[in-house]
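Novice: Chains Z and G are the protein sequences, given in the same order. Letter 190 of the first sequence, counting from 1, is numbered 190 in UniProt numbering, and no numbers are missing. Letter 382 of the second sequence, counting from 1, is numbered 382 in UniProt numbering, and no numbers are missing.
No wet-lab data here; the hints were simulated from the structure. No residue lacks a Cβ here, since even glycine has one placed at the ideal position from N, Cα and C. Fair warning: there could be bad hints in the mix.
[What the hints assert, rightly or not] Between beta-carbon pairs, the in silico distance windows are:
| # | chain 1 | residue 1 | chain 2 | residue 2 | range |
| --- | --- | --- | --- | --- | --- |
| 1 | Z | A25 | G | Q179 | 51 to 61 angstroms |
| 2 | Z | G199 | G | T69 | 51 to 61 angstroms |
| 3 | G | T48 | Z | Y40 | 33 to 43 angstroms |
| 4 | G | W176 | Z | Y40 | 52 to 62 angstroms |
| 5 | G | D119 | Z | Q46 | 42 to 52 angstroms |
| 6 | Z | Y40 | G | E207 | 41 to 51 angstroms |
| 7 | G | F203 | Z | R106 | 39 to 49 angstroms |
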Amino acid sequence: MSRREGSLEDPQADSSISPLPHLEAKIHQTHSLARLLTKYAEQLLQEYVQHQGDPFGLPGFSPPRLPVAGLSAPAPGHAGLPAAERLQLDAGALSLLPPLLDVVRRHQAELNPRALRLLRRLEDAARQARALGAAVEAVLAALGAETRGPRPEPAVAAAAAAATDAGVFPAKVLGLRVCGLYREWVSRTEGDLGQLVPGGPA
Amino acid sequence: MPAGRPGPAAQSARRPPPPLPLLLLCVLGAPRAGSGAHTAVISPQDPTLLIGSSLQATCSVHGDPPGTTAEGLYWTLNGRRLAPELSRVLNASTLALALANLNGSRQQSGDNLVCHARDGSILAGSCLYVGLPPEKPFNISCWSKNMKDLTCRWTPGAHGETFLHTNYSLKYKLRWYGQDNTCEEYHTVGPHSCHIPKDLALFTPYEIWVEATNRLGSARSDVLTLDILDVVTTDPPPDVHVSRVGGLEDQLSVRWVSPPALKDFLFQAKYQIRYRVEDSVDWKVVDDVSNQTSCRLAGLKPGTVYFVQVRCNPFGIYGSKKAGIWSEWSHPTAASTPRSERPGPGGGACEPRGGEPSSGPVRRELKQFLGWLKKHAYCSNLSFRLYDQWRAWMQKTHKTRNQDEGILPSGRRGTTRGPAR
């Protein structure tokens, strides 16, 4: 495949980028991974609310959606950013999620010790977030874009763990928030990679 | 409900990220400065209570501006709004709740008691744990597979329903010495079971018990004392083969191999065989098969498929006086008896009728007679084998005679066997 000229800085020119075949395959592969993990993230969220009891599973339940240890949901303006910056934000969020998911899993191991499938899904989610984050960083590197360095995990975990000391209900809410953020960022990553896949939406 | 606000992720997209602050999760804790938002604290936090007891709780609001009123606040429990008459305003910023005669918790992670602002937003939450202390576990039973391990099962007291997460711990120690050990592999053969895979002593008794613990207390079972050698079981006999006995239409021969895992140990194995007709659920059991590895089933229906299983009891191992524990049944093995050659009324396969030599009671009586003959008439060569040989010869003779006389197999009554009806 020939290389077409384009610029990563210009959002309008994103669709004109034609990566090398191996890069294209890598993007395709990472996009497929993100799509699969989006499904798993949805299942994790459903499983999580089941084990916390009502009102967690009820349609109107909406605790405050505040940042968790510096991690927020994707901003409304995210989709309008250049491709590289979107992927950088995706990679950054994905690197913050594993220690948070670990904290939630440890707490659920005390609250719901018999919920083996939930505990396994939380463990898998942490691992999968790391894998997807690494894959996105590899795509960024192949595109010649700057990648973020690793976040200080102990600080993130400590912040979240401290929150759970406030009681069981806040810990349940934290877990809901973390599972929700995981789903949102994996879904966002799928969308951002989808725009880079040849033939994908511009 | 307060709308979600964009986090700092978008704003930081075009500049290096700020150092990660040690922020606490601000879901239900300190209010956001200058936001005009309120939060609250519920007391008690995460209480544990007995079923049927009462709860007095408070929701104290603090926010910006100070002196926020408790008017308009309300409670929900597991998502359901509680009746207003259960609440009362204690002071300007505190709403109280009184619940009586509490039911057991709906989920093991605790019932969710939530304090809401007038607009429905969540101010604070607390999880209630309502249940019962555990009762004494009982009915502990244990078995050892080939003397290598020990698996135990028990029944939780009060049928296990404490409404709280209850932890069961199987403990064991050598009776005369040694420290308490705790089993680590749970739920191996059901929810209340544990498996000890190794490091077990023989010829010395163990004491085994179960401890149950939850937020409201603990309970301990009675102690079971046993020697591993008294509770040995083994694998089902391998290589079970079922075959016909020549042309005998009512018999099948069953052969098997003794379980190899215990072949080096002195023991007297007992075996049991069970068999059933293919389309039946009723098993017949042959009990008196001691220390043999073959058996002949008789009195069966001709032209019928049978399923056969064998199991083993390694009793008396190393001189143990106990009964031993039966293994699982072997995988079913199928075989069919030969189809009867004799014509019956209206044609088709004949079933053995009463009075025919192949029926059960007659065969038993014949066995007794042969035994008596051997004893009193000095007929040492008499045996069932001789009798079966005679029957096979009779069948062959009858078949040949029919062919010679041109007798058709259907619609004609047999003349050499007993009456068809």
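Novice: Taking the earlier hints as the rules, which of them does this structure contradict?
Specialist: 5
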